[in-house]
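Engineer: Sequence:
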Amino acid sequence: MKPAPSRSLRATLIIFLAASLLTSCATIVPGTLRDTDHPLAGRVWDASAQGFIDETELLRRAANADVLLLGEIHDNAEHHRLQLKVLKARLAAGARPALLMEQFDTDQQAALEDARRTGHDLAPLMRGWEWPQYQPLVALANTARLPLQAANLPRAATRPIVRDGYSTLPAGEMQRLALEQVWDEPRQKYMVGLIEASHCGMVTPQLRDGLVRAQRLRDATLADAALGRIDQGVVFILGRGHARRDVGVPLYLAARRPGTRVLSIGFVEVGAGKTAPAQYETERIGNSAPYDILWFTPRAERPDPCLAFRK
Numbered sequence: 002m003k004p005a006p007s008r009s010l011r012a013t014l015i016i017f018l019a020a021s022l023l024t025s026c027a028t029i030v031p032g033t034l035r036d037t038d039h040p041l042a043g044r045v046w047d048a049s050a051q052g053f054i055d056e057t058e059l060l061r062r063a064a065n066a067d068v069l070l071l072g073e074i075h076d077n078a079e080h081h082r083l084q085l086k087v088l089k090a091r092l093a094a095g096a097r098p099a100l101l102m103e104q105f106d107t108d109q110q111a112a113l114e115d116a117r118r119t120g121h122d123l124a125p126l127m128r129g130w131e132w133p134q135y136q137p138l139v140a141l142a143n144t145a146r147l148p149l150q151a152a153n154l155p156r157a158a159t160r161p162i163v164r165d166g167y168s169t170l171p172a173g174e175m176q177r178l179a180l181e182q183v184w185d186e187p188r189q190k191y192m193v194g195l196i197e198a199s200h201c202g203m204v205t206p207q208l209r210d211g212l213v214r215a216q217r218l219r220d221a222t223l224a225d226a227a228l229g230r231i232d233q234g235v236v237f238i239l240g241r242g243h244a245r246r247d248v249g250v251p252l253y254l255a256a257r258r259p260g261t262r263v264l265s266i267g268f269v270e271v272g273a274g275k276t277a278p279a280q281y282e283t284e285r286i287g288n289s290a291p292y293d294i295l296w297f298t299p300r301a302e303r304p305d306p307c308l309a310f311r312k
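Residue numbers 2 to 312, in the numbering used here, belong to the letters of the sequence shown in order.
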């Protein structure tokens, strides 16, 4: 019999999972935008060609994608404004893509469809997110009668993964989702570092490894949601980390449906003194760029989440 987690680990799990895992944060308050006059703010960088492109070219490429990933920082209002702009451009071009959202969990799909059908408010379904940031996207989807799909892994489904690992998944689910097929040591090393940094270094190795497993399953679940909508086209609203080609949704799409045309856009906050795109491309795993496109924006002012731990 597997030993039960220690009391301290159980307490830690409750604390971290109640606050949610990595990208699904507790209620997020939009921050004031800073560095609006930064020389990169508003510019679009093609990571493969290593050159700037204009918005017209960006939207042309977006129109050719089966899956368009709009990777945000959740509390940056400019990122949400640009997501809405891109979706409007797709509609103006005659497309009717499915709008997939990380902000709704897959077990909410029936409630989501019922609320849309009856005209009820969707805000109560968006738990732990700042509804006003996403309401314009949902309103546009409703007006245009676009499919709106919940895509995120339910929080309750992550708990056994964090605690006991992938053995808790149904038989064959690991293979179906390509969880091990796509993974290797460099990706694991990157994700371990990310989890440690996002939790201010205050995470035990056991919990850290569990959170890595949960993050991988979340990315695989987001990709799974997109697979059923590829034929009509997908615009995906999700956190920037999930949009990464090397560890996020595109990795699983490539394994499960090779040839899918994916365009990954990472909205990137500018930093003081960092005026060259290369200064924002330092978190690579190997030689491949994590995003196809970097769209630079002002940064949102926010408190240092690790400040309390340093006192």
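Please note that the accuracy of each hint is not assured.
Stated by the list, open to error - Ranges between beta-carbon positions, derived for each pair:
| hint | residue 1 | residue 2 | range |
| --- | --- | --- | --- |
| 1 | Trp132 | Glu181 | 34 to 42 Å |
| 2 | Gly274 | Glu56 | 22 to 30 Å |
| 3 | Gln110 | Gly166 | 22 to 30 Å |
| 4 | Pro306 | Pro125 | 43 to 51 Å |
| 5 | Gly274 | Gln51 | 33 to 41 Å |
| 6 | Pro133 | Ala50 | 17 to 25 Å |
| 7 | Arg258 | Gly194 | 35 to 43 Å |
| 8 | Arg285 | Asp305 | 24 to 32 Å |
| 9 | Arg62 | Thr276 | 22 to 30 Å |
| 10 | Leu141 | Thr33 | 36 to 44 Å |
Derived by calculation from the structure, the hints in this document are not laboratory data. Glycine included, C-beta positions come from ideal geometry on N, C-alpha and C.
Engineer: Do Pro306 and Pro125 keep their Cβ atoms within the hinted range of 43 to 51 Å?
Structural biologist: Once the Cβ atoms are compared, 26 Å apart, the range 43 to 51 Å for Pro125 and Pro306 is violated.
Engineer: May I ask you to test the hint 34 to 42 Å on the CB atoms belonging to Trp132 and Glu181?
Structural biologist: holds, 37 Å
Engineer: Go ahead and decide if the range 22 to 30 Å is satisfied by the Cβ distance of Gly274 to Glu56.
Structural biologist: holds, 26 Å
Engineer: Between Arg285 and Asp305, does the beta-carbon spacing fit 24 to 32 Å?
Structural biologist: holds, 26 Å
Engineer: Between Pro133 and Ala50, does the C-beta distance stay in 17 to 25 Å?
Structural biologist: violated, 36 Å
Engineer: Is it true that Arg62 and Thr276 lie within 22 to 30 Å of each other by Cβ?
Structural biologist: holds, 25 Å
Engineer: Should the hint that Gly274 and Gln51 are 33 to 41 Å apart at their CB atoms be regarded as holding?
Structural biologist: violated, 21 Å
Engineer: Taking the CB of Gln110 and the CB of Gly166, does the distance hold inside 22 to 30 Å?
Structural biologist: Taking Cβ atoms as reference, Gln110 and Gly166 lie about 27 Å apart, which means the hint holds.
Engineer: If I claimed the Cβ atoms of Arg258 and Gly194 lie 35 to 43 Å apart, would that claim hold in this structure?
Structural biologist: Check failed, 29 Å falls outside 35 to 43 Å.
Engineer: Regarding Leu141 and Thr33, is the given constraint of 36 to 44 Å on their beta-carbon distance met?
Structural biologist: violated, 25 Å
The structure fails hints 4, 5, 6, 7, 10 (numbered hints given earlier, in ascending order).
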